[in-house]
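Residues per chain, in single letters:
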Amino acid sequence: MEASVANNYSGFVDGLKGGISIAVGYMPVALTFGLLARTTGLTLYEAVLMSVLVFAGAAQYITLSLIAIGTGAFEIIFTIFIVNIRHLLMSASINEKVEEDTPWKKAVYAFGITDETFTVSATKAGKLTTGYMFGLCFISYSSWVLFTGGGYIAGATLPGVVQQGMSVALYAMFIGLLIPSAKKSRKVLFLAGLAALFNSLLTFAQFSTGWAIVLATLLSSILVEWRGGRARNE
Amino acid sequence: MSNTMIWLIIGLAIVTYIPRMVPLVFFNSDKIPSAIQNVLKNVPFAILGALIFPGILTINDDLLFGVIGAVAAILAAYLGANLIVVVMFSVAVLSTYAYFI
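Taken in sequence, the protein lines are chains A and B. Once you know that position 139 of the first sequence is 141 in the numbering used here, the rest is easy, because the numbers rise by one and skip nothing. Once you know that position 97 of the second sequence is 455 in the numbering used here, the rest is easy, because the numbers rise by one and skip nothing.
Just so you know, these hints were derived from the structure itself, not from any lab. The structure displayed is predicted, hence computed values, not measured ones. There's no promise every hint is true.
[Said to hold, decoys possible] Keeping only pairs whose Cα atoms sit at most 30 Å apart, straight-line, the calculated DSBU-like set for lysine-lysine is:
hint, chain 1, residue 1, chain 2, residue 2
1, A, K19, A, K126
2, A, K19, A, K107
3, B, K399, A, K189
4, B, K399, A, K185
5, A, K19, A, K129
6, B, K399, A, K129
7, A, K126, A, K99
8, B, K399, A, K186
9, A, K99, A, K129
10, A, K19, A, K99
11, B, K399, A, K126
12, A, K126, A, K107
13, A, K107, B, K399
14, A, K99, A, K186
15, A, K107, A, K129
16, B, K399, A, K99
17, A, K189, A, K129
18, A, K186, A, K107
19, A, K185, A, K126
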């Protein structure tokens, strides 16, 4: 019993160390989120509450852009659910790598699974202890929440011209996430281009923004997989 | 703090937590059919495309804002800049443009 507590403690410290790079990487992204939340019209408490309860960069950024264009709450929640479906795969994959433990402990650190905590833990050699997962997620989460508040408060002092420039930040981030993969894979470029085309057509056809994005994403993802599957079978 | 916003945040928290938690707590092994797995792997890239376009053209009444911001971001990302550098470069270019018009 005592040995297990000591193991968990050293695992936790290991996790904290592993998460330092994530915490540093989150700083500017969370600062930008806090700042954008302010320009989108959220209160400080709403912005921080979102980071405390949701803890998902892409989901929170997308939520802001959907709020900004007047999307309804139900459409936003459904869109975010679609965005988050990829976490199912990460959670299933990391489940193969973590030590068996009581379900409630796994249910707690499951909250901390993000693209970044997933990639760091999934590429670490060997089994992952519960202590490590707690440490990794804890330091990443703390950075995310603290800097959301910091960005919101600092945003008040930015000059108008910079605030106008900041309006492109979300889109620049999406472009920055897409281009490295698109450079390596024509399929990625095709997926994004097809979804952009579908989204334009659906927007032109007066679909609400939320549904247009969901439908365009699903249509593009299914069509590309269907075509790829047929090509593999022929 | 508005009630609608609170309910929205709670709704988001639930739909974000469930996909993270269910496989870890309830799966024994990977039982998702491969066709569905492949579709899900496509989702992040497809949604990025749908999110960028045509939304980026609507950030300002001046259509050039979106075009200039996109060109700056694509250039920086193509040259291999870090994500934060891509965002900051695009914002800096656009702030400069906003300053001069």
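Identify every previously stated hint that the structure contradicts and give their numbers, smallest first. Structure breaks hints 17 and 18.
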